[in-house]
Amino acid sequence: MTIFASFKKKLKYFDLDISFSCAKKNMMVMIGPSGGGKTTIIRMLAGLETPKEGKVIFGDEVWFDSLGCINVSPQKRRLGYVFQDYTLFPHLNLYDNAAFAAVNKKEVDELFDLFKISHLRKRKPHMVSGGERQRCAICQALARHPRILLLDEPFSALDAITRRGLREELKNLKSGMSFPIIYVTHDITEALYLADEILPVVEGKLDNQWMQRMIAREPSAEVSIRAAREPRLSLVY
Amino acid sequence: MDYLALYVTLKLALVTTVFLMVIAAPIAYLLAYYRFPGKSLLEALIYLPMALPPTVIGFYLIIIMGPKGFMGKTWGMLTGYSLLFTFVGITIASIVYSIPFAVQPMKAAFSKIDRRLLDAAYVLGLSKRAAFLRVIIPNSLGGIAASAVLVFLHSIGAFGVLLMVGGSIPGETKVASIAIYEAVETMNYQAAGMIALSFIPISYAFLLLINKINEGSRI
Chain P
1 MTIFASFKKK LKYFDLDISF SCAKKNMMVM IGPSGGGKTT IIRMLAGLET PKEGKVIFGD
61 EVWFDSLGCI NVSPQKRRLG YVFQDYTLFP HLNLYDNAAF AAVNKKEVDE LFDLFKISHL
121 RKRKPHMVSG GERQRCAICQ ALARHPRILL LDEPFSALDA ITRRGLREEL KNLKSGMSFP
181 IIYVTHDITE ALYLADEILP VVEGKLDNQW MQRMIAREPS AEVSIRAARE PRLSLVY
Chain X
1 MDYLALYVTL KLALVTTVFL MVIAAPIAYL LAYYRFPGKS LLEALIYLPM ALPPTVIGFY
61 LIIIMGPKGF MGKTWGMLTG YSLLFTFVGI TIASIVYSIP FAVQPMKAAF SKIDRRLLDA
121 AYVLGLSKRA AFLRVIIPNS LGGIAASAVL VFLHSIGAFG VLLMVGGSIP GETKVASIAI
181 YEAVETMNYQ AAGMIALSFI PISYAFLLLI NKINEGSRI
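Residue numbers (the working numbering), protein chains in the order written: chain P, 1 to 237; chain X, 1 to 219.
Rather than coming from a laboratory, the hints here were simulated on the basis of the structure.
In this text, a Cβ means the ideal position worked out from N, Cα and C, and glycines have one as well.
Be aware that one or more of the hints could be misleading.
Stated by the list, open to error - Below are the DSSO-like pairs computed for lysine-lysine, each with C-alpha atoms no more than 30 Å apart in a straight line: (1) LYS128/X to LYS105/P; (2) LYS73/X to LYS11/X; (3) LYS112/X to LYS76/P; (4) LYS105/P to LYS122/P; (5) LYS128/X to LYS10/P; (6) LYS76/P to LYS128/X; (7) LYS10/P to LYS39/X; (8) LYS52/P to LYS128/X; (9) LYS55/P to LYS116/P; (10) LYS8/P to LYS11/X; (11) LYS112/X to LYS12/P.
Stated by the list, open to error - So the derived label-pair ranges between C-beta atoms look like this: (12) VAL103/P to PHE206/X: 39 to 47 Å; (13) SER111/X to ASP65/P: 30 to 38 Å; (14) ASP196/P to ILE23/X: 48 to 56 Å; (15) GLN212/P to LEU133/X: 49 to 57 Å; (16) LEU42/X to VAL103/P: 54 to 62 Å.
What the hints assert, rightly or not - Sample of chain X residues lacking proximity to chain P, with all beta carbon distances greater than 12 Å (derived): (17) LYS73; (18) THR79; (19) GLU185; (20) THR186.
Working from the sequences, and respecting the hints, build out all of it.
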């Protein structure tokens, strides 16, 4: 299944205007500076926000069409969505969280084994580490048998070492998945490591030169000041 | 000691609390999550009983619950009885009187829930109703319990409203606070003192319970 999306929406500081598609078994990494509209795009894909104009077509299903007045609710899109943090339900233990919308509860155990959190099944989210929470959030999303997986900076609240570990696990896992994955990040290293396809988004628009500019450190004043302030430690990992 | 009055008080407070929890939850949900024209007017209207003198609330309740008022008339047609001077009547009065105390803590608890939790629930396929029952309610238990305790305490203390709507019929509408008032009026200080004393452990225990709940919800 391939997902095709095109959105137009007025945001506070710029107008979002973008279209892209992502084929099955492909991991598309959406990258760009913070505040560039990446999360808005993901939320529109999920149906949590409505674009002013545009289309979302998944396979032969139309999820959104501003002309045809079609807007399939997030409940019916059946997708997996992992947010940066705070997505687990605080009143449930990890197992119940992952089983919350599971198609088959038996798979939750397999997923827990796969993500090495079986020993934490009875713990509440606040009793485990951030990395374990995000592992559980991915289990929760996968247990629903999503038709597409949206990961919105899933590891960016974690420390560098945990992040690298999870990134590797995700890359290994990818080969077993038969649906498109859209991964949002602002970290170039992460993007290069994971991506089959890269979609640089700057101020709501596709900007194919952004990666090169960032890597080559275009000597514009703004970029060099920032580079001096924060050395690119993340390249180490 | 007037055990009957104490019994009516506790029964009234319990029935009021149970009904108000059910009535207040959807109102609090509406106020916490939706924006609509006239929302602040509606909110002020719901909190109005807190700001009005109980006798004023009682007066208007007499008007609408009396045999010519729309509520009294409908009730009369359905059951053949009057609403005034009955237990049902004072229950309605007590519900109206305590509604702000039920809605406010619940609304506060609902508003505290992270919106992203609801987004996550919708993406996972839950309808708004299911998300309310499976996500919002279990994560607001502290606020709901606080609202139940407040309503209970507030309705065992009701006096003016109940006196106007219910009068003082033993076993039916004569609650403990009215019994105290009548005992004092007839100079029976011993009887008044006994009932008054029985309130102290009840109210104290419930306040301790509130503290316990607040501690629990902080973790």
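Holds or violated: 54 to 62 Å for the Cβ distance of LEU42/X and VAL103/P?
-> The hinted range 54 to 62 Å is violated for LEU42/X and VAL103/P, with Cβ atoms some 41 Å apart.
Do the alpha carbons of LYS52/P and LYS128/X lie within 30 Å of each other, as the hint requires?
-> holds (24 Å)
Taking 30 Å as the top limit, are the C-alpha atoms of LYS105/P and LYS122/P close enough?
-> Status holds; Cα separation ~15 Å.
Is it true that the C-beta distance of ASP196/P to ILE23/X lies inside 48 to 56 Å, as the hint says?
-> holds (54 Å)
Is the Cα-Cα distance between LYS73/X and LYS11/X 30 Å or less?
-> Satisfied, since the Cα-Cα distance of roughly 26 Å is no more than 30 Å.
Please test the hint of 49 to 57 Å on the beta carbon pair from GLN212/P and LEU133/X.
-> holds (51 Å)
May I ask you to check that THR186/X keeps its beta-carbon over 12 Å from the closest beta-carbon of chain P?
-> holds (53 Å)
Does the alpha-carbon distance linking LYS76/P and LYS128/X stay inside the 30 Å limit?
-> holds (13 Å)
Verify the proposed pairing of LYS128/X with LYS10/P, using a straight-line Cα cut of 30 Å.
-> Answer holds: LYS128/X to LYS10/P is near 27 Å, not above 30 Å.
With 30 to 38 Å as the target window, see if SER111/X and ASP65/P comply at their CB atoms.
-> holds (34 Å)
Take a quick look at whether LYS112/X and LYS12/P sit within 30 Å of each other, Cα to Cα.
-> holds (26 Å)
For the pair supplied as a hint, LYS112/X and LYS76/P, confirm whether the alpha-carbon distance does not exceed 30 Å.
-> holds (27 Å)
This entry does not satisfy hints 9, 10, 16, going by the numbered hints stated previously.
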